[in-house]
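Peer 1: First to last, the protein sequences are chains A and B.
Here the first sequence is numbered in the UniProt record's numbering, starting from 1 and rising by one per residue.
Here the second sequence is numbered in the UniProt record's numbering, starting from 1 and rising by one per residue.
To be clear, the hints were calculated from the coordinates, so they are not data collected in a lab.
Be aware that a few hints might be false.
[To be verified] Some residues of chain A that are not near chain B, with every Cβ distance over 12 Å (derived): (1) Val68; (2) Val136; (3) Ala142; (4) Ala242.
[Claimed, not checked] One side only, chain B facing chain A, incomplete, derived with CB under 7 Å: (5) Cys8; (6) Val68; (7) Thr70; (8) Ala71; (9) Gln80; (10) Gly89; (11) Glu95; (12) Gly100; (13) Trp102.
Predicted model, so just to flag it, every value in this text is computed and none were measured.
By construction, the Cβ of each residue, glycine as well, lies at the ideal position given by its N, Cα and C atoms.
In case you want the letters, here they are:
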Amino acid sequence: MTRPTTAHGAPAEDGGAVTAADPATDTPVAATGGRAWWRGAVGRTALVLLLAVLAVALAYWRSGSGVVVSQAVVTGILIGGVYGLVAMGLTLIFGVLDIVNFAHGAFLAVALYVTVEMTGRFGVHPYLALLVAVPVMFLLGAAVQRGILSFSIGQPLENQLLITLGLALLIDNLLLLVFGPNPRSVALPGDSGVEILGAVATVSRLLAFGVALVLAALLYLLLQRTRLGTAIRAVAANDTGAQLVGIDTRRIYMLTFAIGTACAGAAGVLVSPLVTIEPTTGELFNIIAFVVVVLGGMGNVVGALVGGLLIGLTEQLGALYLPGQSPLLAVFVVFVLVLFLRPQGLFGSKA
Amino acid sequence: MLVLDGLCAGYHGLQILHELDLRVDAGEIVALVGANGAGKTTTLRAVSGLIRSSSGSITFDGRRADGVRTAELVARGLVQVPEERALFGPLTVEENLRMGSWTQRRGGNEEAALAEVFDLFPILAERRRQAAETFSGGQQQMLAIGRALMARPKLLMLDEPSTGLSPKLTWAVLDAVRTIRDRGVAVLLVEQNAAQALRMADRAYVLESGSCALSGPGPELADDDRVRAAYLGL
Chain A
1 MTRPTTAHGA PAEDGGAVTA ADPATDTPVA ATGGRAWWRG AVGRTALVLL
51 LAVLAVALAY WRSGSGVVVS QAVVTGILIG GVYGLVAMGL TLIFGVLDIV
101 NFAHGAFLAV ALYVTVEMTG RFGVHPYLAL LVAVPVMFLL GAAVQRGILS
151 FSIGQPLENQ LLITLGLALL IDNLLLLVFG PNPRSVALPG DSGVEILGAV
201 ATVSRLLAFG VALVLAALLY LLLQRTRLGT AIRAVAANDT GAQLVGIDTR
251 RIYMLTFAIG TACAGAAGVL VSPLVTIEPT TGELFNIIAF VVVVLGGMGN
301 VVGALVGGLL IGLTEQLGAL YLPGQSPLLA VFVVFVLVLF LRPQGLFGSK
351 A
Chain B
1 MLVLDGLCAG YHGLQILHEL DLRVDAGEIV ALVGANGAGK TTTLRAVSGL
51 IRSSSGSITF DGRRADGVRT AELVARGLVQ VPEERALFGP LTVEENLRMG
101 SWTQRRGGNE EAALAEVFDL FPILAERRRQ AAETFSGGQQ QMLAIGRALM
151 ARPKLLMLDE PSTGLSPKLT WAVLDAVRTI RDRGVAVLLV EQNAAQALRM
201 ADRAYVLESG SCALSGPGPE LADDDRVRAA YLGL
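Starting from the given sequences, assemble the full structure and let the hints guide the process.
Peer 2: Here's what the structure looks like:
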């Protein structure tokens with residue numbers, strides 16, 4: 001056996017001898033990285049806000065009727081909060097597990113049917129269904145991760161992608177099998193309208209928005225302020241490092257997927273009074289959540305919330321600008337623009 | 001404290017370690033030197049449970065350590081600092097350190113460990129709120145060692161701590177390693193910078209093609225003609 005001669009242990013390296021590879025000084029890798037990123041993020045936020053204001057102003061100018069535009073803005077922002085919550089779950093899963101979860105919308109649909117059943121069968125108030133649906137979805141998420149996805153860890157990304165896509169089809173069709181194709185709805189007892197800026201928002205929408213924001217804040221606090229949350233961020237940042245400090249990364253994967261799924265579950269309950277419930281309703285939310293995640297920066301939880309509000313607004317304003325078209329048209333235009341101009345998203349640092 | 005007996009390990013069917021025997025006793029610095037590809041890093045990865053050994057045994061602190069998961073080994077006091085440091089980039093210095101004591105019971109212990117680390121590397125205390133990814137190479141290495149110390153290790157395994165550091169910083173880091181040993185932690189040190197590592201080691205092993213070619217007291221090996229010719233280029 002010949003000794004490897006290419007080893008870079010071979011050249012003289014006694015004591016003070018400086019080798020060419022050694023940097024002369026210990027320069028910080030990215031000393032200004034953090035601050036520059038902040039400045040960039042603030043600048044981009046300002047730009048996006050400006051664009052949003054311009055779009056709203058233009059809509060006012062075009063329509064002549066302020067009420068219609070106010071209505072669109074209010075409805076858009078309110079539903080945007082829920083989009084944000086759905087997307088936070090999705091982006092968390094992506095950031096920590098590196099899984100593009102196509103079944104996210106299907107999970108939301110499961111929560112919709114849980115709510116339908118609870119209100120229809122047991123006469124429970126829809127929002128009380130949160131107390132059941134969120135834990136159920138948490139457990140379902142944990143079971144799916146441990147039972148199915150954990151076996152594909154370390155395999156190519158496409159494998160997990162195809163598994164979640166298959167799972168989405170499976171869940172959609174299971175819902176179809178069990179609940180049938182007929183549209184269902186959830187009635188909210190005592191729902192009334194509240195006037196905001198000349199527009200009317202139903203209490204159900206306000207509540208959906210408010211609860212979504214509270215849950216989003218709780219998730220943020222969990223991630224930033226608790227030991228478990230720090231561990232989740234640590235696993236997202238460096239898997240090997242997390243293992244080396246003794247974090248059971250498999251457990252963190254399971255918990256994170258469960259938390260993400262619970263977000264979809266909570267959002268499902270919150271929107272149940274606002275949408276027509278069919279087995280495929282989840283797909284719509286899935287598509288929107290993906291756009292929001294890309295807009296906010298993959299893996300960025302705060303970005304997802306901001307992105308959710310923006311996409312909610314885009315959807316409603318888009319319906320004003322392009323009457324008769326699918327509201328998703330404007331959402332996709334924004335999506336394509338983001339992919340072209342800033343594929344890492346508004347708040348993503350690097351792709 | 002750590003005993004490897006006839007250890008064989010590798011990746012995806014490619015065997016790297018061939019019946020490696022190695023021992024680290026309490027309170028000593030043991031250096032592991034050898035050319036690239038000799039199996040130094042593989043040894044550490046096998047010991048910390050990141051890869052499975054195919055045969056042979058690893059004993060740590062009197063108990064079997066092969067086939068045991070990394071988290072369990074960390075809890076038992078066997079902690080590795082990998083060459084790439086594996087820090088949590090976006091997390092602050094303090095968060096990185098506190099994650100280091102994940103396997104420890106919470107409470108006063110963590111604060112005491114934190115104080116010790118800050119005492120060893122004052123720069124970490126100064127910049128405790130800064131994100132780890134903004135650190136320079138030397139500071140990152142200090143943070144990586146500090147994070148490992150937070151687990152209250154009995155044995156600390158360092159993989160190439162001087163990678164990418166200037167000679168001055170290398171000395172600072174190796175100095176810290178000596179202090180750590182003096183505080184009662186055994187150290188298994190893998191170094192590209194063989195001369196320095198051998199001089200400071202109580203004992204050393206020269207690895208060649210996955211098994212031990214030479215072993216003995218560190219300074220003695222540093223003066224050994226075969227070692228000088230093969231690894232120090234003298």
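Peer 1: Against this structure, judge whether each hint is valid.
Peer 2: So, going through the hints one by one against the coordinates:
Consistency note on Val68 (chain A): stated as away from chain B, and its beta-carbon is indeed over 12 Å from all of that chain's, at 43 Å minimum. Every CB of chain B is more than 12 Å from the CB of Val136 (chain A) (nearest about 29 Å), matching its label as outside the interface. Residue placement check: Ala142 (chain A) keeps its beta carbon more than 12 Å from all beta carbons of chain B (closest about 19 Å). A Cβ of chain B approaches the Cβ of Ala242 (chain A) within 12 Å, the least distance being about 8 Å, so the stated non-interface status is violated.
The restraint placing Cys8 (chain B) at the interface with chain A is violated, with a minimum CB-CB distance near 17 Å, outside the 7 Å limit. Because the closest C-beta pair between Val68 (chain B) and chain A is about 12 Å apart, greater than 7 Å, the hint is violated. Here the hint on Thr70 (chain B) is kept, as its CB sits about 5 Å from the closest CB of chain A, short of 7 Å. Look at Ala71 (chain B): its Cβ gets to within about 4 Å of chain A, closer than 7 Å, so that hint holds up.
Residue-level restraint check for Gln80 (chain B) holds (minimum Cβ-Cβ distance to chain A is 6 Å; threshold 7 Å). Contact between Gly89 (chain B) and chain A, as hinted, is supported at the beta carbon level, the nearest pair being about 5 Å apart and thus within 7 Å. With its C-beta approaching chain A no nearer than about 5 Å, Glu95 (chain B) sits inside the 7 Å limit, and its interface hint holds. At about 5 Å, the closest approach between the beta carbon of Gly100 (chain B) and any beta carbon in chain A falls short of 7 Å, and the interface hint on this residue holds.
The beta carbon of Trp102 (chain B) comes within 5 Å of a beta carbon in chain A, closer than 7 Å, and the hint placing it at the interface holds.
When the structure is compared with the earlier hints, violations turn up for hints 4, 5, 6 and for no others.
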